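Mind docking chain B with the ligands on chain A? Use the hints.
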Amino acid sequence: MLLRHTNKEIKPRKALTVNPAKTCQPIGAMYASLGIHNCLPHSHGSQGCCAYHRSALTRHYREPVMAATSSFTEGSSVFGGQANLVQAINTIFTTYEPDIIAVHTTCLSETIGDDVNQIAIKAVKDGKVPDGKHVIHASTPSYVGSHVTGFSNMTKAMAMYFSKSTGTPNGKFNIIPGYVEPSDMAEIKRLVKEMDINPILFPDTSNVLNGPMTGKYKMYPDGGVTAEELTATGDSIGTIALGAMASADAARALDTKWKVPCQVQDLPIGLAATDRFIDALRKAAGVSVPDSITRERGQLLDIITDMHQYFYGKKVALAGDPDHLIPLVEFLLSIDMMPVHIVTGTPGQDFEKRIREMTAHLPYTVNVKAAGDLFQLHQWIKNEPVDLLMANTYGKYMAKDDDIPFVRIGFPILDRVGHSYFPTVCYKGGMRLLEKILDVLLDRLDRDAPEESFELVL
Amino acid sequence: MSDTIKDTKTIRPGGVDTLDPEKIKKELLSRYPAKVARKRSNQIMVNKKDDTGKTPVMGANVRTVPGIITQRGCSYAGCKGVILGPTRDIVNITHGPIGCGFYSWLTRRNQTRTASDADDNYMPYCFSTDMQDKDIVFGGEKKLKAAVQEAYDIFKPKAISIFSTCPVGLIGDDVHAVASEMKEKLGINVFGFSCEGYKGVSQSAGHHIANNGIFKNVVGKDDSIKEADYKINLLGEYNIGGDGFEIDRILDDCGISVVSTYSGNSTYDQFANSHTADLNTVMCHRSINYVADMMEIKYGIPWIKINFIGGKSTAKSLRKIAGYFGEEEFIQRVEAVIEAEMPEVERVRLEVKKRCEGKVAMIFVGGSRAHHYQELFKEIGMRTISAGYEFAHRDDYEGRRVIPDIKIDADSRNIEELKIEKDDDKYRSRKTEAELAALKAKGFEFKDYKGMSVDMENDALLIDDISQYETEQLLKLYKPDLYCAGIKEKYAIQKSGIPMKQLHSYDSGGPYAGFKGAVNFYREIDRLVNSKVWDYLEAPWQTNPELSAKYGWE
Ligand code: SF4
Ligand code: SF4
Chain A
1 MLLRHTNKEI KPRKALTVNP AKTCQPIGAM YASLGIHNCL PHSHGSQGCC
51 AYHRSALTRH YREPVMAATS SFTEGSSVFG GQANLVQAIN TIFTTYEPDI
101 IAVHTTCLSE TIGDDVNQIA IKAVKDGKVP DGKHVIHAST PSYVGSHVTG
151 FSNMTKAMAM YFSKSTGTPN GKFNIIPGYV EPSDMAEIKR LVKEMDINPI
201 LFPDTSNVLN GPMTGKYKMY PDGGVTAEEL TATGDSIGTI ALGAMASADA
251 ARALDTKWKV PCQVQDLPIG LAATDRFIDA LRKAAGVSVP DSITRERGQL
301 LDIITDMHQY FYGKKVALAG DPDHLIPLVE FLLSIDMMPV HIVTGTPGQD
351 FEKRIREMTA HLPYTVNVKA AGDLFQLHQW IKNEPVDLLM ANTYGKYMAK
401 DDDIPFVRIG FPILDRVGHS YFPTVCYKGG MRLLEKILDV LLDRLDRDAP
451 EESFELVL
Chain B
1 MSDTIKDTKT IRPGGVDTLD PEKIKKELLS RYPAKVARKR SNQIMVNKKD
51 DTGKTPVMGA NVRTVPGIIT QRGCSYAGCK GVILGPTRDI VNITHGPIGC
101 GFYSWLTRRN QTRTASDADD NYMPYCFSTD MQDKDIVFGG EKKLKAAVQE
151 AYDIFKPKAI SIFSTCPVGL IGDDVHAVAS EMKEKLGINV FGFSCEGYKG
201 VSQSAGHHIA NNGIFKNVVG KDDSIKEADY KINLLGEYNI GGDGFEIDRI
251 LDDCGISVVS TYSGNSTYDQ FANSHTADLN TVMCHRSINY VADMMEIKYG
301 IPWIKINFIG GKSTAKSLRK IAGYFGEEEF IQRVEAVIEA EMPEVERVRL
351 EVKKRCEGKV AMIFVGGSRA HHYQELFKEI GMRTISAGYE FAHRDDYEGR
401 RVIPDIKIDA DSRNIEELKI EKDDDKYRSR KTEAELAALK AKGFEFKDYK
451 GMSVDMENDA LLIDDISQYE TEQLLKLYKP DLYCAGIKEK YAIQKSGIPM
501 KQLHSYDSGG PYAGFKGAVN FYREIDRLVN SKVWDYLEAP WQTNPELSAK
551 YGWE
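Going line by line, the protein sequences match chains A and B.
Be aware that the first sequence starts at 1, since it is given in the working numbering, and climbs by one per residue.
Be aware that the second sequence starts at 1, since it is given in the working numbering, and climbs by one per residue.
Extracted from the complex, chain A is given alone in its bound form (with noise of 0.2 Å):
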């Protein structure tokens, strides 16, 4: 047994966190900032975050993933790290020449105490931020929620930092995808075109995350949104935000600063919240939606028609985000299946608060949990088992001990490829989510099958 410590008896825990499913602040940050084009994201603190972040996200997308840090030693921890972002802002534009960089905080500097936006104005004032450059920041610290959080906070400020308002507006959308996949951006951003709108997608990490091999390293890849797009945001028509924790924040601080009208969003993952998206988009936009995606709609619906036998009654445990978790919960439930045991290691009352509303017509109550880990989920599986369990590559571990089907969700995933290609959102993300499912089911019956009702066609 992987996992032979974790048993059936729950004891209390107020202080011990097991197997987290959450990380921290400013990984979000640094993916957030590689979806912009032309950026190098850089880590204000000890080098050591820098290297996991860059490590876990390298891992997740098999593609380059650069950052700077800012290097602190003990001297900059209780003096300060100012003068190390400032030789740090000289080192980058000189040495790798992008034409932002984007500054997150660690747990250190934000302890220390460091104000960035000073020392931003500082590196300006002394000349190290050549003409036409621009150094953005977001506060980052990872004692304040968590991985989730960090991309918003990023996000927010990038839209913040150029966005501007010429008072004409430019006939354009701005959707903001929320923490998902390069995949995901390309796919949303499909079927906004698709609408005949014309969409200011930030961030937006595909083409970057996703690259292709071509023998040419790119530092800075093709993708990503430009900082001419970025700052026409606030002559947009509107936002939409995918994912209320992820990207409201940027939505409302859009409206609040330029009145671009708002609305967030669910992250479109299965039949209803795709439902909801494309409805959303045609009603603010005034148009129509094409028959193309009607027809992509029908055939997500046809498979969970053909298939529906599969799925009913199963029981599900998942862990994710709650933008993802939300949503993804919906759809389960929208195809008969039974989620369970739901954990998120993201803090926030409203998540538990939807899903319980959500699952208030089941004969049963779910377990769900805010603040919640990995070895709660065990737990509660070990208490109660689950036909298919969904979660990041670590549920790989509670999946080979207990026997469970396991379809990998969400970040990260280490050890398969996909989702960085591959989308979950939208219909067609919906079909290639029941494909998974069904492919792990199915495997499932086949091998477990007595020879006798070992079936050809299912």
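Heads up, a few of these hints could be off.
Stated by the list, open to error - A short, non-exhaustive set of chain A residues, derived as facing chain B with CB atoms under 10 Å:
{"hint": "1", "residue": "Y61"}
{"hint": "2", "residue": "T73"}
{"hint": "3", "residue": "P141"}
{"hint": "4", "residue": "Y217"}
{"hint": "5", "residue": "I293"}
{"hint": "6", "residue": "E296"}
{"hint": "7", "residue": "G345"}
{"hint": "8", "residue": "L374"}
Stated by the list, open to error - Label pairs and their in silico Cβ distance ranges:
{"hint": "9", "chain 1": "A", "residue 1": "Q349", "chain 2": "B", "residue 2": "D153", "range": "43 to 49 Å"}
{"hint": "10", "chain 1": "A", "residue 1": "D415", "chain 2": "B", "residue 2": "P545", "range": "36 to 42 Å"}
{"hint": "11", "chain 1": "B", "residue 1": "E184", "chain 2": "A", "residue 2": "G127", "range": "55 to 61 Å"}
Said to hold, decoys possible - Covered stretches of chain A, going by a simulated chain B footprint (3 or more residues, C-beta under 8 Å):
{"hint": "12", "region": "62-70"}
{"hint": "13", "region": "314-325"}
Worth flagging that the hints you see were computed from the coordinates, not collected in a lab.
Quick caveat, the model's predicted, so the values are computed rather than measured.
We treat Cβ as the ideally placed atom computed from N, Cα and C, and that holds for glycine.
Just chain B with the ligands, lined up with the frame of chain A:
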């Protein structure tokens, strides 16, 4: 890029030797701001060996310039991740916000094997106090105490250790006080590490803090003497990809008994008993040579440097161990093992060598692997024309003879040096003065490591703490056949069309140590440098973009 070096494509495959390393060095420094270039220039050396084997001074173990994209991590990573990570039966609690603990959870591929499920193994678990803002503001000691208590109540481990992350030192939490209080209360060993990430300049500081902690808090707690001949400790072997298992297999065949491994596949009890071994063998000099020194002073265990990377090095290391114990029968047994193992190693080596001969590699990792792996490349006819360490010190480049000359700077000063004295009760001379003298007279070398530089060609480029920018330049200028580094460098190199081998995680491969490991490595390198995939980089319409006037089928 400046024009010091023109199109190098025409130079290759005429040979890397047509490139002037001094010019390359200049090229590498040309883009940096002047101050940065000055600093980096002390860490880029063109190798020159004199008659005595002396090599140029390397400015190692110094701070990374802020803004440089570095390979390095932090002291916490070195302490919790590297040294204590592979010990399976201690509950390792990270005291800090969630990230540090999360990233060091199962990501280092340390393998471990227990006799049964009844044995403790906490390695698949991540324990953290997940500090919140109120803990930062009001202090986290209370939460830490509660976390230790909960860990004890739920898991009942034989020991609990606590690792400090950056904010901990700053807010003044005293992890050592908490540890002693809880040790008293729970009646099990509880100890803390002040391995905040800003200590020192790299992981190396963390290795030191970890090893000191184990030495102070665990070593010497169990005096029982194992019934076995030829008892050794294997220091600085972390069982990545099963390396340690392969070494254990060979040692077992030879009749050598491993009292403890620091720290691959290790347990608390092994450390507690490690002072009873009769010889310390040091694999990774950087991460642990000081433990060998301390054990020698306190307990009388002599140490030798060994290397189980490479078929020949493995044989040589076994002979060295046999020579130390010196009994003829034992020497014969070791020879028999070597004789049984080597034919397969040789068979594969010669087969692979045909396809790899003359190719060039670069290695930029760690504190010992950049050196050790050159052996394996040599065995298949490949040259390592540029190499460097991520977190090593001068002695790892230039050999232990420079240790007295190493200046202690502010960053090293804050890493505790233990004052070690002979333990009158537990000290035991393993060899008489006469025996030691006889061994030395035969050319047997104790506590010696001559460093990496002396084993490299003249004109090879040695680069300490290489930056991303320098890596890219090296690739452009030399176009090596293979580049070895870590996960953060991996894909930038591969995207440049150059095969890349990770020598931290082995890209999920291994083992590469010992005899079987050598065979695995030869095959792996053969796969990498002779793969067809690199021929597909361009699509047919890119190699031949002219449009034909006619349709193909006309
Ligand atoms: S110190 Fe904070 S920012 Fe750095 S890895 Fe740890 S939790 Fe993340
Ligand atoms: S916060 Fe400090 S201890 Fe944690 S990863 Fe960052 S540098 Fe290392």
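Status of each hint after checking the structure:
no.: 1; hint: Y61; result: 8 Å, holds
no.: 2; hint: T73; result: 6 Å, holds
no.: 3; hint: P141; result: 7 Å, holds
no.: 4; hint: Y217; result: 4 Å, holds
no.: 5; hint: I293; result: 32 Å, violated
no.: 6; hint: E296; result: 29 Å, violated
no.: 7; hint: G345; result: 7 Å, holds
no.: 8; hint: L374; result: 9 Å, holds
no.: 9; hint: A:Q349 / B:D153: 43 to 49 Å; result: 28 Å, violated
no.: 10; hint: A:D415 / B:P545: 36 to 42 Å; result: 39 Å, holds
no.: 11; hint: B:E184 / A:G127: 55 to 61 Å; result: 58 Å, holds
no.: 12; hint: 62-70; result: holds (count 9)
no.: 13; hint: 314-325; result: violated (count 0)
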